[in-house]
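Novice: These are the residues of each chain, in order.
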Amino acid sequence: MKFIDEFRRLELAQGLAGRIRQNSKRRARFMEFCGGHTVTILKHGIRQLLPPTIEMLSGPGCPVCVTDNADLDKAIALACIPGVILVTFGDMLKVPGSRSSLQKAKAEGADVRIVYSSLDALELARQNPDKKVVFLGIGFETTAPGIAASILQAEQEGLKNFYVLSLHKLCPPVIRALLDSGEVRLHGFILPGHVSAIIGSKAWEFLAKDYGIPGVVSGFEPLDVLQGVDMLVSQVENGESRVEIAYRRGVKPEGNLKAQELMYRVFEPCPARWRGIGEVPDSGLRLRPEFARFDAELVFSPDPGPTLEPKGCICGDILRGVKTPRDCCLFARVCTPENPVGPCMVSSEGSCAAYYLYGQDDE
Amino acid sequence: MSERILLAHGSGGKLSHELVEKTMLRAFFNPYLSKLDDSAILDLSGRLAFTTDSYVVDPIFFPGGDIGKLAVCGTVNDLAMVGAIPLYLSLSLIIEEGFSQDDLRRILDSVRRAAEEAGVEIVTGDTKVVHRGKADGIFINTAGLGVVPEGIEISGSNARPGDKVILSGPIGDHGIAVLSRREGLSFSTELESDVAPLNKLVAQMLEACPRIRCLRDPTRGGLATTLNELAKQSRVSIQLEEEKIPVREEVRAACEMLGLDPLYVANEGKLVAIVPDSDAATVLHVMHQNPYAREAAVIGEVRQGRPGRVTLRTRFGTSRIVDMLTGDPLPRIC
Numbered sequence: 001m002k003f004i005d006e007f008r009r010l011e012l013a014q015g016l017a018g019r020i021r022q023n024s025k026r027r028a029r030f031m032e033f034c035g036g037h038t039v040t041i042l043k044h045g046i047r048q049l050l051p052p053t054i055e056m057l058s059g060p061g062c063p064v065c066v067t068d069n070a071d072l073d074k075a076i077a078l079a080c081i082p083g084v085i086l087v088t089f090g091d092m093l094k095v096p097g098s099r100s101s102l103q104k105a106k107a108e109g110a111d112v113r114i115v116y117s118s119l120d121a122l123e124l125a126r127q128n129p130d131k132k133v134v135f136l137g138i139g140f141e142t143t144a145p146g147i148a149a150s151i152l153q154a155e156q157e158g159l160k161n162f163y164v165l166s167l168h169k170l171c172p173p174v175i176r177a178l179l180d181s182g183e184v185r186l187h188g189f190i191l192p193g194h195v196s197a198i199i200g201s202k203a204w205e206f207l208a209k210d211y212g213i214p215g216v217v218s219g220f221e222p223l224d225v226l227q228g229v230d231m232l233v234s235q236v237e238n239g240e241s242r243v244e245i246a247y248r249r250g251v252k253p254e255g256n257l258k259a260q261e262l263m264y265r266v267f268e269p270c271p272a273r274w275r276g277i278g279e280v281p282d283s284g285l286r287l288r289p290e291f292a293r294f295d296a297e298l299v300f301s302p303d304p305g306p307t308l309e310p311k312g313c314i315c316g317d318i319l320r321g322v323k324t325p326r327d328c329c330l331f332a333r334v335c336t337p338e339n340p341v342g343p344c345m346v347s348s349e350g351s352c353a354a355y356y357l358y359g360q361d362d363e
Numbered sequence: 364m365s366e367r368i369l370l371a372h373g374s375g376g377k378l379s380h381e382l383v384e385k386t387m388l389r390a391f392f393n394p395y396l397s398k399l400d401d402s403a404i405l406d407l408s409g410r411l412a413f414t415t416d417s418y419v420v421d422p423i424f425f426p427g428g429d430i431g432k433l434a435v436c437g438t439v440n441d442l443a444m445v446g447a448i449p450l451y452l453s454l455s456l457i458i459e460e461g462f463s464q465d466d467l468r469r470i471l472d473s474v475r476r477a478a479e480e481a482g483v484e485i486v487t488g489d490t491k492v493v494h495r496g497k498a499d500g501i502f503i504n505t506a507g508l509g510v511v512p513e514g515i516e517i518s519g520s521n522a523r524p525g526d527k528v529i530l531s532g533p534i535g536d537h538g539i540a541v542l543s544r545r546e547g548l549s550f551s552t553e554l555e556s557d558v559a560p561l562n563k564l565v566a567q568m569l570e571a572c573p574r575i576r577c578l579r580d581p582t583r584g585g586l587a588t589t590l591n592e593l594a595k596q597s598r599v600s601i602q603l604e605e606e607k608i609p610v611r612e613e614v615r616a617a618c619e620m621l622g623l624d625p626l627y628v629a630n631e632g633k634l635v636a637i638v639p640d641s642d643a644a645t646v647l648h649v650m651h652q653n654p655y656a657r658e659a660a661v662i663g664e665v666r667q668g669r670p671g672r673v674t675l676r677t678r679f680g681t682s683r684i685v686d687m688l689t690g691d692p693l694p695r696i697c
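If you read the protein sequences in the order shown, they are chains A and B. With our numbering applied, the first sequence corresponds to residues 1 to 363, in that order. With our numbering applied, the second sequence corresponds to residues 364 to 697, in that order.
To be clear, the hints were calculated from the coordinates, so they are not data collected in a lab. This one's a predicted model, so the numbers in the text were calculated from it and none came from an experiment. All residues carry an ideal CB built from backbone N, CA and C; glycine is no exception. Just to be clear, a hint being listed does not mean it is correct.
[Said to hold, decoys possible] For each label pair, taking beta carbons as the anchor points, the in silico distance ranges come out as:
| no. | chain 1 | residue 1 | chain 2 | residue 2 | range |
| --- | --- | --- | --- | --- | --- |
| 1 | B | Pro639 | A | Glu237 | 34 to 42 Å |
| 2 | A | Asp120 | B | Phe413 | 41 to 49 Å |
| 3 | A | Glu11 | B | Lys595 | 46 to 54 Å |
| 4 | A | Arg26 | B | Asp421 | 28 to 36 Å |
[Claimed, not checked] Straight-line distance between alpha carbons at most 20 Å, and here's what the computed EDC-like set of lysine to aspartate or glutamate pairs gives:
| no. | chain 1 | residue 1 | chain 2 | residue 2 |
| --- | --- | --- | --- | --- |
| 5 | B | Lys527 | B | Glu619 |
| 6 | A | Lys43 | B | Glu366 |
| 7 | B | Lys595 | A | Glu338 |
| 8 | A | Lys43 | B | Glu384 |
| 9 | A | Lys43 | B | Asp642 |
| 10 | A | Lys43 | B | Glu555 |
| 11 | B | Lys497 | A | Glu338 |
[To be verified] Computed far set for chain A versus chain B, every beta-carbon distance over 10 Å:
| no. | residue |
| --- | --- |
| 12 | Gln14 |
| 13 | Lys43 |
| 14 | Ile46 |
| 15 | Arg47 |
| 16 | Arg113 |
| 17 | Asp130 |
| 18 | Gly250 |
| 19 | Arg293 |
| 20 | Pro306 |
| 21 | Pro310 |
| 22 | Cys329 |
| 23 | Pro337 |
| 24 | Tyr356 |
| 25 | Leu357 |
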């Protein structure tokens, strides 16, 4: 099990960093779309290896962070319906909604369970035939196929008490929305490795074609990220814009066709609200009409009341790359992982949590 | 099916007496306990160290140990970490109705063996039985008494700039062993908890170097949290070298899979020592002779820097903050 060290080898990292420093002449601003990349960059101090010409910005690639307060409130309202077991991934528990959080609802008596996989939610539904098990479907193209599979499984078994609140989001449309807004000028994207394993690098070709911006699909080890930056720098310096893969061990140009087929058999694209970004057309996934009986939103019509945004929190600006956690006056003073004001401080992939936990040594 | 613990076993009546006489006295025979008086009377003088801890680990039996061994080692180690020689322990059990008597005997046997190894005696105890569903199998509390020898002054506030930080071996074994059993993860080689009494190791270290400044066992919250505590208490900063910190491959792989950082994973048989630079080699040499510290290493040093700040020099030569554990990613590991 030497695989971890292979991707953290010092001499390779120094070689790559040296080459980046040598080649990078023009000022360039790159966005790492994915929260996983932000964590790698901060945890391994990768910014310190990069020359001052290169600026790295965190993007909206954290499913927990981009979940809109209105949707979160809906999940909390569902959890409070008697007889419902709300099943979620752990990160969602502490995210504060307009008035409460799943954690608070749980403390007040709601039945909220944490699982590592949607298959565990199916198991809960089998074990509790007298309860209604609602799975909180949060995630990108990486998680949606698994949840599609569990819905098909539930259908096959004839499970009558399994539902999904689909808050899934799709990555390419939101990048398009960011670029169309013109708020941030970017010279390249480090593209998400795991999402691209499903959708393929081809799904990103629009970056180069429509916007003239290069993108490199990267894995999540420090060497992967450095290699991604190196490839972006050489494109920027040569005035090129292509979509490349620096993660060949995980990503093919066409992606995982089987997973895509599964996902679109159960879900269809729909408009979705992103925290800080607003509604983006075709950036969400809802259940197809033939699976309507699994759709928690249709079955239970939760009524969460009006949506309130946390005062002073700039998670939205951070997710758009307009600001960084250090620009937030709540950061590390009022807002900490123990007492989060916004979701970016809660999620293990959130920018604020990563800055807080690993923030560079400023001595 | 094995016999079960009944509510009456904790009632103070006949069954309670039977349990004490047949099980407890047999496991821990010593003159203090066998008197069966309300308190043990101990003859102690000098500076006493006194500590207590409760054990609620889930699962009760895990690779490399069980709740019984943990309940002895945890308390013995807390005494050892102030330089005390642990002598006497209390043992209180809170048992859920219906708990297997065989499992209870197995746990008590494990308590006995751990106490023997550590050289401590169980001199007083208590057993309560609660209704089914009001506890989870068995919870244990132990308290410990020890004597601190003349001239030993160990405290978390003693670290000085220039001191070296020594770690006694690879981190994360306990937390990952417990978690992998709980979550059904399996590895090609079974990872075992490191749970062990460290008092003899500490005695050897103190004999070689009575000037050891700080000792602490990085249990809940892991190495990162322990070092943050020490840096705060001593108003110094600590710089770690990522490459010097031993972590087993199994632990690293499991941490990658579970999204954990080994720096925050619990240990039950490791210690951190902060020693003057000039004594580091001597202490390290002594540690390497002890089976519980064969892989001991200097992992960093104490610096003037910002008080309370712990930083890590990564294997790429960059540096980052190492904060305390926030939240509770691994509940009930001890």
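Novice: Indicate, hint by hint, whether the structure satisfies it.
Specialist: The hints, checked one at a time:
no., hint, result
1, Pro639(B) to Glu237(A): 34 to 42 Å, "52 Å, violated"
2, Asp120(A) to Phe413(B): 41 to 49 Å, "44 Å, holds"
3, Glu11(A) to Lys595(B): 46 to 54 Å, "36 Å, violated"
4, Arg26(A) to Asp421(B): 28 to 36 Å, "56 Å, violated"
5, Lys527(B) to Glu619(B), "29 Å, violated"
6, Lys43(A) to Glu366(B), "52 Å, violated"
7, Lys595(B) to Glu338(A), "19 Å, holds"
8, Lys43(A) to Glu384(B), "56 Å, violated"
9, Lys43(A) to Asp642(B), "32 Å, violated"
10, Lys43(A) to Glu555(B), "28 Å, violated"
11, Lys497(B) to Glu338(A), "29 Å, violated"
12, Gln14, "7 Å, violated"
13, Lys43, "6 Å, violated"
14, Ile46, "7 Å, violated"
15, Arg47, "8 Å, violated"
16, Arg113, "14 Å, holds"
17, Asp130, "19 Å, holds"
18, Gly250, "15 Å, holds"
19, Arg293, "32 Å, holds"
20, Pro306, "30 Å, holds"
21, Pro310, "19 Å, holds"
22, Cys329, "20 Å, holds"
23, Pro337, "4 Å, violated"
24, Tyr356, "7 Å, violated"
25, Leu357, "5 Å, violated"
Hints 1, 3, 4, 5, 6, 8, 9, 10, 11, 12, 13, 14, 15, 23, 24 and 25 from the earlier list are contradicted by this structure; the remaining hints agree with it.
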